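So the sequence lines, in the order shown, correspond to chains A and B.
For the first sequence, our numbering assigns the number 643 to the initial residue and increments by one for each residue that follows.
For the second sequence, our numbering assigns the number 2 to the initial residue and increments by one for each residue that follows.
These aren't lab readings, by the way, just hints derived from the structure by calculation.
Heads up, none of these hints are tricks.
Heads up, simulated DSBU-like pairs for lysine-lysine below, C-alpha to C-alpha not over 35 Å straight-line:
id	chain 1	residue 1	chain 2	residue 2
1	A	1079	B	7
2	A	783	A	985
3	A	1074	B	29
Predicted model, so just to flag it, every value in this text is computed and none were measured.
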Amino acid sequence: MIFSSKEYFVFFILVLLLMMIIKRNPVKKAVLLLASYYFYAYWDYRFVVLMFIMSLVNYYIGLMIESTGNSVVRKRWLAGSVIFNLIILGFFKYFNFFVDSANMLLDNLNVRLPLLDIILPVGISFIVFEVMSYTIDIYRKNNGSPKSFWDLALLVAFFPHLIAGPILKPKHFLPQLENPITIRWHNVEYGIQIFVFGLVKKVLIADRLAFFIDPVFKNPQDYSFITIWLAVIAYAIQIYCDFSGYSDMAIGSAKCLGFDIPRNFNMPYISRNITEFWRRWHISLSTWLKEYLYIALGGNRKGKIRQYANLMIVMLLGGLWHGSSWNFVIWGGLHGIGLAVHKMYADYVKGTTLSDHFLYKTVSWLVTFLFVCTAWVFFRSSDFSVSLVILQKMFMVSDGIHWYATPLLIAIPLLIASHYAGSKLKDYYCVKLNTFKGLLVFFFILFGLLFLTPVHSSPFIYFQF
Amino acid sequence: MKFILKLGASAVSALLVWEIVLQLFVSKMPMPQSHPILGRISSGGVHVHGTEGFSWYTTNSIGMRESEIAPKGSNEYRILVLGDSYTEAAQLFKNKTYTALLERMLNSNGNDKSIRVLNFGMSGHSPAYYLQFADYYNELVSPDYVVIQVNDGDFSSDLMNTNNDKALYIASGDTDYKIMMNASKFNASSKIIQKYPRLGFITSISTIRMAKEKLAMLLSPANTVNASYSSIQAKADYKTEEIMDWTLRQFKQKYTNVSFLYLPSIDYGNPETESHIAELLNRYAAKYDFPVFNMTSDFTSYYKQTRQPVHGFHNTSPGEGHMNEAGHELVARRLDDFFERRAIH
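Start from the sequences and build out the full structure, keeping to the hints where you can.
Take a look at the structure:
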């Protein structure tokens, strides 16, 4: 069930009520865990067992790592965990991709490897990264295993973040499970506002823009140069509002239940360079890649050349994590190149006053934004050939249907207004829902959602990952 | 108690704000009323249409997008245009509709008479309506010429009421076809409002109307896709030919100087596709000596030359939905050609 559905509304209210009614904390946690498994089963009941087994195996390995001081043994257990998790991810997500790619290479030899009819478990990429961070943190002695396996099971299955993140850090979330689950009005008030804020971004901005973006990306050859550029910019806005909207709904749901989930986005499109962009975009993923992949590869500790190579490797794998398609690898590669180039460039301008100049800041922002939008073309396109058509149309003036989508003109000021509201929420300022002003704002937004909701809602983009 | 009062006051205040916003920019229409002959019509007043294209316009006392119909002047030549939402053209301001453009073109051609082109388009109407109201229209307007705008649906689903959403439609009678009336759809209002007429104003409140529509959509089991007009495939069978023959024969009896304006659905991915309905219309119109203005080649040529479809708007989707300004311009020019060649006495 998606967050913007009536089924989720009913489900969440029930869970909230149960958390309020049930007195004993272990029972509350059990109910929350069952509710989370039910939430996952609603998507596909077949993989509930898989999620349980992954939690159990990684918990056991965590205990084994903790129980020995022998670094070789610890490393072997860690390797076992990583291999186990990557096999699951590799099989479900990448088996057919690699077989297909191999078949392209073997085509000349008339060899064709068989493809399997594999169903991708929803949220598998997020689940795998989360359990891997659990065992790696135990190995690094950043945190210990929880007293009860069920706490880890709840961390993995916690329904607000289960399907599309944010990726939770065990050392931040597990301590929260040690406290009694208490429903407080202040948390519910705050959580509702964050949730509604996310819903506005998803329903009023992302879903409306989809009506414009989908036909253009489906048949880009029919549209003019200007329309293509508008569609690319619109997609940059759509994916941000869709994903950050989902994250906000996850954060808001968790907050209502008394849990704090870290923010996953911080106004990424104000970034003036790619490095800053990745500090603001999908923060939980970029943090995970930095802490568990980039640093493991050596980070910036082995010279400049190795640093740039590490950035490329991390972003290529980060791209591949998003989907089993060469388009995602190209997208990741572009960002890797961008990061490496920025690192080289930053070393050059460090210590100069150039970076303080208004014109420099504006040009930096524009170049970064255009680069990110161009990279999104590969992320969105159905295949490489479509990406090429769009890029060609973007950089060579061409004829076609002029479509100056009105929703885009409305989306931009709405996005700016919602960013302002969001920055207020970040500062823990929220309207009081027991005042006239607070209720007026709340009802205004609620009715707006009712009147302006598109007929057809689009699925969350990141659900496919 | 205080909290409940605050809750109510804030909800009402929020609704008031949205009512203003919706009425100015999205959707406003006067409340419907019952006309003894025309059935359910909107009362005269201001309409705002913002969900496809954008326009503000007024309707007269019979719900038509025209000023009040005065008695015909001695030096006046009246062209009555009957049609559905494509002629009503709520998506465009009046001066961009093909009827207004045609009137302007004809009056600038140096004709002796003052030409009046009357837009009697009404969303949802079909040939059954034009036949049913023929006597009333003839008496009210005294037209010198009648243009009947039709499309594929007019001789299939709309005419035969396949979707059960028409107040008037054609069905088999004892010996021939006849016009049937669905009384519940023909009447102005729901049973509740018929019982309590003072509640009629509710239907003109935009927030209530839109909330009702959206809640119905949100609570329905699955999102149903409203087929865009361009995707409707007319299924012509033997009945279509019989009904078309009968319908055109009725038009011959009911109106003098009739022509048909055929507005095709264009598949912009494959614009050469021909409609079977258009072919039948040409054949039967020739039988009764009606000129037919088939806009297919005009629309497809325009698209090939300019790559701009004549359907769709910036706030919807190019190539889908109603005709845009370009489409109306093409229709007006085509009709202008015809009337210029024909002497207007």
